[in-house]
Structures are given as C-alpha cells and as structure tokens.
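Kindly produce the complete structure, drawing on both the sequences and the hints.
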Amino acid sequence: MTTTTPANPEAPGPHPEAAATLPAQAVERHPAAAEYADPELQWLHTVRSADPRQLTVRAVIAGMAIGAVMCLSNIYVFFKTGWSMGVTITAAILAYALFRMAQAAGIVRNPLTALENNALTTVASGAGFMTGGGNMAAFGALLMVTTARPDPTAMIAWFGAIAALGVFTAIPIKRQLINREALPFPTGRATAETLRAIHSDSAGEGNVQARALGLGGAFAALVALLRDAKADWIPWNLPDKFAIPGTFAGRPLADWTLGLKTEVVMLGAGALMSFRTAWSLLLGALLTYLALAPALLANKAIAGPGYKAIVQWTVWPGAAILVASGLMSFALDYKSVARSFSGMGQAFSRDAAAQQDPLADVECPGWWFPAGYVVIGPIVVVLMTWLFQIPLWAGVVAVPLAIVMGFVASRVTGETDVTPTKALGPVTQLLYGVMTPGNLSGNIMSANVTGGIGLHAADLLTTLKTGWLLGGNPRAQFYAQLFGVIAGAAVVVPAFNILIPDPAVLGSDEWPAPSCLVWAGVSKAFAGGTGALDGGKLDAIWVGLALGVALVLLEKFAPPKLRAWIPSPAGLGIAMVVPGSNSIAMFLGALGVWWLQRRRPAMAQRYAVPVASGLIAGESLMGVAIALLIVAGVLHK
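In terms of our numbering, the sequence shown opens at residue 2 and continues consecutively.
Among the hints, erroneous ones may be present.
[As the list claims (entries may be wrong)] Simulated pairs of lysine to aspartate or glutamate, EDC-like, Cα-Cα distance not exceeding 16 Å: (1) K301 to D535; (2) K638 to D241; (3) K242 to E511; (4) K242 to D256.
No wet-lab data here; the hints were simulated from the structure.
Following this line, the structure appears as structure tokens:
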C-alpha cells in the first residue's frame, strides 16, 4: 500500500494539546524543534499531550468491537489471498464515523478525540492482526498435515499467550527504536496523518472517507449476498465467476483456473498492494497456468487440470521462491540485523540517569519485560509440550529464540514496513527440523511462536509510532494492545471453526489458503526430508530458490529506473499457489488505482484506501454472516 507522508513527520507540534490536530506542515516549522538536544525531552515539552482522554472505557470497548470485526474480515481475506490487510487506518476511519453517528443520535455527548481514536485504533490493531504472524497459516497448515484438531479453548490460550509475549517484547526496544533512532515505521506515520486529517475541525475529511468506506462496504456486501446466500426460497444467485472465452492446449480457460471472479474482496486487496506486486501476480498466473500446468499435464506429472491437481505440484517452486526471497532480503538487510543485536545491549543497560527518567510517568517500566516473560513464557512452553508434543527442552529454547527474533522483526519493520515472517518462520522450522526430526505439528507451531511474537511486537511499535507523533501516552497504548489481544484471541479460533468447518477445503478453489500450503510444504521438507518428492519437484524447488534469490539481488542492485520492471518474488510465489482467477482480480484492482493515481492523484489519495477497505470488510463480514446462517440452517451451501 502506498501512502503519502510529510517530509519531516518526526517534528514536534507547538503545543501539547494541539499536536494531534495541527497539520504536519505547521508542526514541521515550529522553532522549538531545535531547542532540545535530547529527542525525548523535545517530545515531552513540545509534543506530548496532557489530555487524559486517551484510553477511555468507550475507546476500549469500541476498539475491541472494531478489532474483532477486523479480525473476522482478515480471516476471510487471509484464506482467500494469503495476506492479512492493514487494520489501523480502516479502524481509525470506522471509529470516527461510528462516534459521529452516535453523537448525532444523542448516544454519546463528547466527540471522539484524535488521541482517543489513537488508543482505540491500538486496541483494534491488537485484535485485528491476530490472523498474522503465522497464526492462521500455522493453524491451517497444522490441520492440513495432521488429523487432530486441537481443543478450541487451548488454541485461544495459545494465540493469546503468544501475542501477549509479543507485546511485552516491544517494551525494552521501544525507546531505542522510536524515541532515539526515530525509525520511520511507515504505517504508523500514515495512521498519524490519517488521524490528523479526519479529526481536523475544518477539513471534513473524516466524513468523506467514512462515506467512501461505507459505500464500498455496502456494495461488496450486496454482491456477496447475491452470490453466496443460497436457499430453496432464493430463486437466483450471482455466479462465482464469469468464464473468459477461448481455449488453451485444447481445454477451456476455466480448466486452467482462469476466469473473472465476482469476489470483490480480491479487487479491494489488489487496490491496496503495489502495482509491481499486482502485475507480478498476473505474470506468475499466466506462467503457472498457461505454461507450466499444460506441460505438467502433457508429461503426466499431474492427474488432470483444475486448481487442486495443479497446486499440489506448483506449491513447491512457489514456496521456494517465497522462502528464498524472504531469507535473501533479510540477509541483505544485515545492517538492521546487526543494529538489532547492538540495540539489545542498549535496551537492557541503564545508567544512573535512568533514575531521573523524565518519561517515567508515561513509558512502560523496564522490569515489565522480564516479568511478562516469567509469567507468560511457561504457559507457552507447557502448551507447546501438551498440544504439539514438542519436548520440554525444545519448548524452553523457543522462548529466548523468540525474543531475539522479535527484536530483529521489530527493527526490520521500523525501517522497511515489512515484518519478515516469511524469513523468520522457515528459519525456526529448519532449527526445529534438526532438533525434533519428524515432528510435523511441532515444526509448524514452533515457527508460530517466533512469527507471532515478532509480529505483535512490531504491531505495537507501529501503533506507538503513531502515538509518538501525536503526543499520545505510550503506557496507555501498551494496555490498549493487551485489550486487543484478548478480543482477537477470543474471536479468531471460533471464527476459523465457523468459516472452515472441514479442513479438507483448505487448498481448494473456494479457500486456496496459499500461506497454509507454503507452511505445510516447508514443514514437510524440514521435518521429514525431501526424499518423498519426485525428481521434477526437487528440480522445481531448486529453480524456485535460485529465482527468489536472483530477483531480490536484481531489485537491490539494479538501476532505480529498472526496479519497477523487475517482478516481485512475493507476487510470483503467491501466484503459483492461488487460482489464476484470484491473481487476475487482484491485478484489476491494482490497475484501477494505478490508473486513478495518474489521472486524478488527489481523488486516488482521498478515496483509494477507504473504498478498497470497504470492499474487503463488506464482503468478508457478509461471508461470515452467511456462514453463521448456514450453521443455523437458514441457508445451505
């Protein structure tokens, strides 16, 4: 997702109470910026807000509710596309709109402030991102490679404990990464700018964006209702997809998974990604389903056409591209990794001046970090041993490993806005493949520990960046994230069981679950070895590994003008494990935004994100509602 931020978003505001609502340009010009050598003192005296209305009861309740809804939406999108969508900007706009309506109806008296919305958005982010960090990828992969379905209550505790450890992991590195080094955390900056814009008294921007989000959501919900609500008393349904005329290799294009889907959630997902990723998806789909798949069928390497038969083969090179590109990107960012380890020493060392800490009243005390691990760490180890038969000693190893991975993931996210789950997950799977060979479930879920802790640490730091720019209270945001974790953990497992009652549908055209396929494939390779794979698949893995590395190196060292034309390894890899129709739909969504950005850049800046977010939320929430009605017997599949 492309966002526009001011040239100097770190600069403070001229008055604590006004910092949250003044335009960034006014903040940037304030002369007080040069008065303080210590950036923390500068923030304390020129940006920090004294407004106590931040983590209010209504912000917590509304944030948990919105976050739970966003979590439902993200589950739906994740199993369709393999991605989890951003939460903070959508939650901020939605909260603004809901409180404006509640105020107009006389339900609430005081308007929602920018800092209150910041706390609310932090709660929502903690809940909405419960699908990330490998949580749903690992859970889905677990059900694909084993027949056992863990107890739902135990899995709620599992996801909640991992996320909470991630929140505590952010404590010792927050001040180093945000206060002192001022890492950009681009999504956090974009959210701060959104909050400034929608809460500005003069702009009216909040109403415009909220209306756009609502219209997009209503349209998507209507399409999903017409397509998926099936009953004897409903005479007609919108088709799942429209066929593209023509044949290839003697078969209709539909046999090669190519068509025009009526799932507008794909259009919304495409609208939020970069155009480079989107055209790489289209390129990957054409190469996979019009070149590789027909050749595989002609050589009898696959049983027949159709998504399920094709993806059982293409998942191997696709996973190899994703893993190799993730690890190579991670390796090339060695400076960030090195700074992570040097920063660890700074994070844990405090001189005598710490006793006179001017931010002691607003920052989280350092001792909260070890205390959190002392309390929650044993819970994670016990659950690893009980649920996934991981030896106790191997479970104990996972905790300090997760801390290191969490620190690394947080810094990389701060510098690039990408949490390296695709790199850290396979590293953990490789380590546990060596330590506990043959344990498929343990291999998958150990990577869930490091990925989940890394993601939730990075997520809290991203929202703390927003608060830092607006003058918010970081300790209040820490509490807010924990409230969100509670809501997300309570929702994510029941929602999964409702949407995916039979794990056999994972990897199908209806629920492609590409990330689950990748995690399961990597786990099988590391836990059981590659001996069971035929030579063709092994060759494809080597080609995928080489291609993933080569594309990252090209992107890193190619001249800037050529980089836009180098295919995205993420786009190519995902295209090999989702139906071609999904890639086409996401490309069309990105193409529309790309065209609008060139013809009407101001309109694109104002409407692209809220409309796309509305399309995603509208269809996914209607999909959840229809699933509930099917369970209740009102509708049928």
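Given the hint that K638 pairs with D241, does the C-alpha gap stay at or below 16 Å? 13 Å, holds
Within a Cα-Cα threshold of 16 Å, do K301 and D535 meet the stated pairing? Holds, because 13 Å separates the two Cα atoms, which is no more than 16 Å.
Pair hint outcome, K242 versus E511 [Cα-Cα no greater than 16 Å]: Satisfied, since the Cα-Cα distance of roughly 11 Å is no more than 16 Å.
With the threshold set at 16 Å, check whether the alpha-carbon distance from K242 to D256 stays at or below it. With Cα atoms ~13 Å apart, K242 and D256 stay inside 16 Å; holds.
Violated hints for the displayed structure: none, as all numbered hints are satisfied.
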